[in-house]
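Trainee: Start from chain A and add chain B according to the hints.
Line order of the protein sequences matches chains A and B. Heads up, the final residue of the first sequence is numbered 671 in the working numbering, and it's a clean run with no missing numbers. Heads up, the final residue of the second sequence is numbered 671 in the working numbering, and it's a clean run with no missing numbers.
Calculated from the structure, these hints are not laboratory results. If a hint is listed, it holds; no wrong ones were tucked in.
The calculated lysine-lysine pairs, modelled on DSS-like cross-linking and capped at a C-alpha distance of 25 Å, are:
(1) B/400 / A/528
(2) A/404 / B/353
(3) B/293 / A/404
(4) B/528 / B/293
(5) A/217 / A/152
Covered by chain A, per the in silico footprint, the following chain B stretches (three or more residues, Cβ under 8 Å):
(6) 470–481
(7) 516–525
Here chain A is said to cover these stretches of chain B; the calculated rule only asks that three of the stretch's residues, wherever they fall, bring their Cβ under 8 Å from a Cβ of chain A:
(8) 316–330
(9) 637–650
The model shown is predicted, which means the values in this text are computed figures rather than measured ones. Here a beta-carbon is modelled for each residue, glycine too, at the ideal position from N, C-alpha and C.
2 protein chains.
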Amino acid sequence: MKNYTHTAHTRFLLNEVHGLSDLFALPRFQHLTTEQCWMMVEAAKQWADRDLAPFFQAMDATPATYNGNGGVKTHPHLRTCIKNGADQGWIGAAAREEHGGMQLPMMIFNAAHALFNSANNSAVGYLELTAGAAALINSFGTRAQHEKFVPKMYAGEWQGTMALTEPQAGSSLTDITTAAHPIGNGFYHIRGQKIFISGGQHEGCDNFVHLTLARIEGAPAGVKGISLFIIPKFWPEDDGTLTYNDVFCAGDFQKMGQRAYVTTHLVFGDKGHCRGWLVGEPNKGLAYMFQMMNEARISVGMGALAVAMAAYQNALQYAHERPQGRLASEKDPLKPPTLIIHHPDVKRMLVTQRAIVEGGLSLAMECNRQFDLSHAASGAAQQEAWLLLEILTPILKAYGSEQANRSAALAIQTYGGYGFTMDFPAQQYYRDLKISTLYEGTTGIQSLDLLGRKVVMEKGKALHLLLQRMRETSAAAGRYQPLQAYATQLETEITRIGSVLTHLSQHAAAGDIDRYLADATVFMEMTSLAVIAWQWLKQGCVAFEHLQKGTGEQPAAFYEEIVHTMKFFYRYELPHAAAHAATLLNEEYLTNPVQTEYLRVS
Amino acid sequence: MKNYTHTAHTRFLLNEVHGLSDLFALPRFQHLTTEQCWMMVEAAKQWADRDLAPFFQAMDATPATYNGNGGVKTHPHLRTCIKNGADQGWIGAAAREEHGGMQLPMMIFNAAHALFNSANNSAVGYLELTAGAAALINSFGTRAQHEKFVPKMYAGEWQGTMALTEPQAGSSLTDITTAAHPIGNGFYHIRGQKIFISGGQHEGCDNFVHLTLARIEGAPAGVKGISLFIIPKFWPEDDGTLTYNDVFCAGDFQKMGQRAYVTTHLVFGDKGHCRGWLVGEPNKGLAYMFQMMNEARISVGMGALAVAMAAYQNALQYAHERPQGRLASEKDPLKPPTLIIHHPDVKRMLVTQRAIVEGGLSLAMECNRQFDLSHAASGAAQQEAWLLLEILTPILKAYGSEQANRSAALAIQTYGGYGFTMDFPAQQYYRDLKISTLYEGTTGIQSLDLLGRKVVMEKGKALHLLLQRMRETSAAAGRYQPLQAYATQLETEITRIGSVLTHLSQHAAAGDIDRYLADATVFMEMTSLAVIAWQWLKQGCVAFEHLQKGTGEQPAAFYEEIVHTMKFFYRYELPHAAAHAATLLNEEYLTNPVQTEYLRVS
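Okay, chain A solo, but in the shape it has when bound (with noise of 0.2 Å):
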């Protein structure tokens, strides 16, 4: 298995493309410079190498498995790997300094998760779990709250959880039945079940700490009623002991992917004595969760990538190793075998892959810079980056794992039948991915989200500052001659969507909003396309200035690679914009209204 490393193209998108220094001239990162962070990174680099890398075949043949009794059995290395991790500060070092971290912009730390997740995705989603709890407590809990949990579970003693949905809601959070009953002081007793919950219980950390939406006594229905509980299963005493908090693992799911990380079936207040400790202010809690799910949904998006990087990477190796067959033009059976890097078809599969993950990965690092800024700038910057985070976070969500899960396929592609064995990683990275599409919210939800919430937000102005943004990159482009025919196909892409939203616009003003939303998937394929195409041309045009002056880091090979690359995505993967579009602005309605005559099991 090779050991996937991205630096070169991660060196690119921080320092040239993205401008990871313009943030050390923010309060929050001037005690920061390229130089730390990139020595943070190649740290991060060395312990996926040691702690990650080396256990994520064997972690996946013993999986996770409940024991029958409340507990995990998860890999012995599970615990050191989150020790080390916890140590070397990948839970913590996000966070500002007064909560224990080391004030580390998201562009680094998730260029750090990005190799966690290549190197081993089952492992690292401990630590980020972890890292998205500890993270919600210091935005909206106390500081006695904080003090009592937060140094624990970034010492990585204690696991962090989200504990969301529950069996008879699952997505749907407005149903959500756990309830919580004051005792006093900001504790409640709560009792319920909640399913799905990854990293609930193993053998890797001492206590748990699940960060719970549940329904206080009388609360108004639906998403207006729900509070946010931090729910430990040892509760923290004053002196320091833990006592049995009622809750209890009463089972795990087996998956087809991510065995190592565990899912489990927590049930809270069994025998009656289950305590929970408000976050914030009563009926306030989706709105805090969603700091976290913001927050996991970049890290899903991007993390997907990441595992298609390395499987990617995986397969390039391969097909420069593995000699099979001859070029058509090659008649001669006695010439020797070619290695199946020269196939054409071989190529594409390959350039696809790269094409997918680093114009995707782009638009996660452009995720993390707007988040960078929308927590540390001040001002109309600041706000312009919290609009763009919002546009862009359902699109790198969706789109990330949805090609992550296509490119995967075609690393398995690329070495034939081996790529189905057990022998090789590519077929476990698919397995792995496949739950990227599902993790916070489908892709479903995440495009409803798109069409239904950010497209429309504040008016519409997250919707026109992205495409401004483009716009501008398009003119940068524009500027070179050879970029001007991509420049021109972006600004083709840009008025589509706003054609497509003029077209789907009708039904809202029509007050028909289920029609509406009844496409908002193929809106966000079609929008997430020319979203990629931005950032690729982004790429393309620096890459293109660096060419031309002579300038950059990374030597004139790579920036060959970047504009090619680049051409490559514009003349293969671009095209099925038009083909959504089609779809989109078609007349004839043929989901709606509602036909389950025509549904119906045969």
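Mentor: Structure of chain B alone, referenced to chain A:
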């Protein structure tokens, strides 16, 4: 798990779209009636429900596993399953009566096998492999060879296999090195190794009959020097005893799917006494093997669609039973949740699955019909059927496998997070299906076959005939005003195929065959969309006629669904053909010249 039944659509395809009863006018099938054929299919369904479906998940959970010493541990039910399947005729029923078969049309034989694939694709693989191997002996072997092997194979006692792939050669049969040394009377000593041999060793049969490609000493290099041999594991002596024939199973490949269908590594003649029996003439082995290969390609394409049908029907049932969330237009959280079938995105995913599966299965049935005509008709009808079968086979294999994978991904997505868990069969269909794009020639190889061989064969006659048949369907549909728009769209696609070929042919004419073929897979994607659009219009036209006239075997609602799904395919799927054409017509040539530097491992 739902017990998948696609009988209504299968009946529609056979009886109303693809003219099953036409076959009974041919001498080969004149002993049959429509009723008899359907009795066979009903019996097939009952057998699938009894011996296949109940073991689908259990067989996956206890994969076939090498025992370290030549044997492979398989599920205890496998032997019963093979034996009962054989007794019902599902290995030999399509063979001629003189070969011990029932002269069943492939339309019926494969309609039954589609049900088997829906029920348990791993288990039925064993039967299909034996059927293909026996057919090869029947076609090209001697009567003595037939008598020695085929009755035992049709009885399900001996397993047939196809032994082509060698470790160093992969799909490049030019490079196989397994050696045959003549010892007289058509017998040879064999020495060599084969990998990826499905069914090569297991506990369900007593003997294994390997149809093996090898090179006779002194044979010409390349594919012109390959011969076909029958190599049993145990040699059946004239007195009926079995002598070990030095065929050793040296290991297996563990796989991400089809885990009950063993994939072996075989060593022939390690002890120097492995005997093979030449089939037909020396050096014609590849041509013979292509009979089996072509039948297997139909089988894999159709089988993949049948697996996707099972995934779809399970997802459909789940969507009818699972309440979750509310429509976007419903703002009252106190209203009960809706069944997920009512969410537009869930409907879109389900109808997409249906459009793929039923469109693909119509193409499969078209291929089966042409198979039957090409074997049983005479004169021009026979010749035309053969040409159509030649050009449609790679399209069925590529579209069926690639789109079945996409369809199964949408089935998982329909379940949300549950789809990723082992609690539901969706993930198993998805895992099982991944091999279908690799078996019997990858999608890339099918695409080279289409553009490099089938499009140009007999001076383009096969393509010409296909486009003519497509035009006939368009003309028939164009007579009905409500179908005219679809007829016109199909005409557009027919024209598009011509334009793209004119464009690509420049390179072939200039002698640049590598460039002509470089984007063969994109050409396949474009062409297969047009071909499936043809099949949908064919189905839609028949359904529309029945609705107009109040005729047909099925209720009106069924025909309305067919017309609706046709429209869906034209709206949501077909627009991507234009996108593929845009890629193919793009003048910029990106994948060549060979840029290994560009694709280097970073």
